[in-house]
Amino acid sequence: MSPHVHLSGQLVCRSDAELAVVSECLPDHIELTRAEPGCVSFDVRQSDDPLVWQVDEYFTDDDAFAQHQERAASSEWGTRTAGIERRYVVKRGRDVAATTSGPLRTAGISLDCADPKELIRFYLALLGGRRLWDDDQASGMRTAEGLVLVAQKIDEYSPPEWPGTALVHLDIDAGNNLAGAVRYAETCGARQSALQPDSRWAVLLDPAGHPFFITSMVWSGQ
Numbered sequence: 001m002s003p004h005v006h007l008s009g010q011l012v013c014r015s016d017a018e019l020a021v022v023s024e025c026l027p028d029h030i031e032l033t034r035a036e037p038g039c040v041s042f043d044v045r046q047s048d049d050p051l052v053w054q055v056d057e058y059f060t061d062d063d064a065f066a067q068h069q070e071r072a073a074s075s076e077w078g079t080r081t082a083g084i085e086r087r088y089v090v091k092r093g094r095d096v097a098a099t100t101s102g103p104l105r106t107a108g109i110s111l112d113c114a115d116p117k118e119l120i121r122f123y124l125a126l127l128g129g130r131r132l133w134d135d136d137q138a139s140g141m142r143t144a145e146g147l148v149l150v151a152q153k154i155d156e157y158s159p160p161e162w163p164g165t166a167l168v169h170l171d172i173d174a175g176n177n178l179a180g181a182v183r184y185a186e187t188c189g190a191r192q193s194a195l196q197p198d199s200r201w202a203v204l205l206d207p208a209g210h211p212f213f214i215t216s217m218v219w220s221g222q
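Heads up: the sequence shown at position 86 corresponds to 86 in my numbering, and the numbers run straight through without jumps.
None of these hints come from the bench; they were simulated from the model. Here a beta-carbon is modelled for each residue, glycine too, at the ideal position from N, C-alpha and C. Check each hint, because a few of them may be wrong.
[Unchecked claim] Pairwise CB distance ranges, derived in the manner of DEER restraints:
(1) Ser-74 / Ser-47: 21 to 29 Å
(2) Gln-69 / Pro-27: 14 to 22 Å
(3) Asp-134 / Gly-83: 33 to 41 Å
(4) Glu-76 / Asn-176: 35 to 43 Å
(5) Gly-9 / Leu-195: 47 to 55 Å
(6) Ala-17 / Ser-199: 57 to 65 Å
(7) Asp-198 / Gln-69: 47 to 55 Å
(8) Val-168 / Ala-20: 40 to 48 Å
(9) Ser-199 / Asp-56: 37 to 45 Å
(10) Ile-154 / Ala-107: 13 to 21 Å
Assemble the whole structure, with the sequences as input and the hints as a guide.
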């Protein structure tokens with residue numbers, strides 16, 4: 001499901017003083033904006049020119065975008081950066097098109113199902129985070145780590161077959177307690193797969209029948 005409103009462009013500082021204001025106020029501005037109910041994604045990052053910031057933001061609809069604009073204008077960010085040049089373009093609905101300038105970024109992971117609201121309730125309980133939107137055809141959430149999951153309603157939905165079908169699945173960190181993580185997932189509404197091919201991870205099924213793995217074998221970044 002594509003967000004309805006997309007703002008993109010540049011915030012252009014004219015001096016080191018303006019740059020210092022942006023650098024000071026931006027972390028709180030990003031945190032507050034991402035916490036808004038209608039915010040799907042919000043990114044502001046420095047370009048190769050340290051005085052120029054690339055801005056890229058998506059909102060679910062015009063009301064959410066307008067509420068963001070109103071809140072931001074009256075915030076510390078809005079008042080202190082009011083004189084800094086903005087070069088923004090706003091697109092809506094079908095005008096929102098994917099960039100091809102590369103590299104592209106992940107927008108989220110979509111999961112087919114019969115009941116989007118039920119599936120998002122499950123993943124909110126399992127992973128934490130916040131709901132982004134709800135309607136008859138799709139529900140969206142952002143996990144505590146920032147991953148966007150979208151549950152999409154499919155008419156005459158049939159759960160995938162596992163094993164036997166090539167699937168993309170979620171891997172979930174169990175920490176150092178695989179058994180405890182499995183028990184918690186079951187309290188959220190998951191069920192264990194009949195086939196468990198390796199003791200290093202557990203295969204569970206979400207309420208729509210999608211398999212996901214819980215494992216303590218997680219890339220540490222070292």
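Checklist entry - Broken hints, numbered, in rising order? => result none
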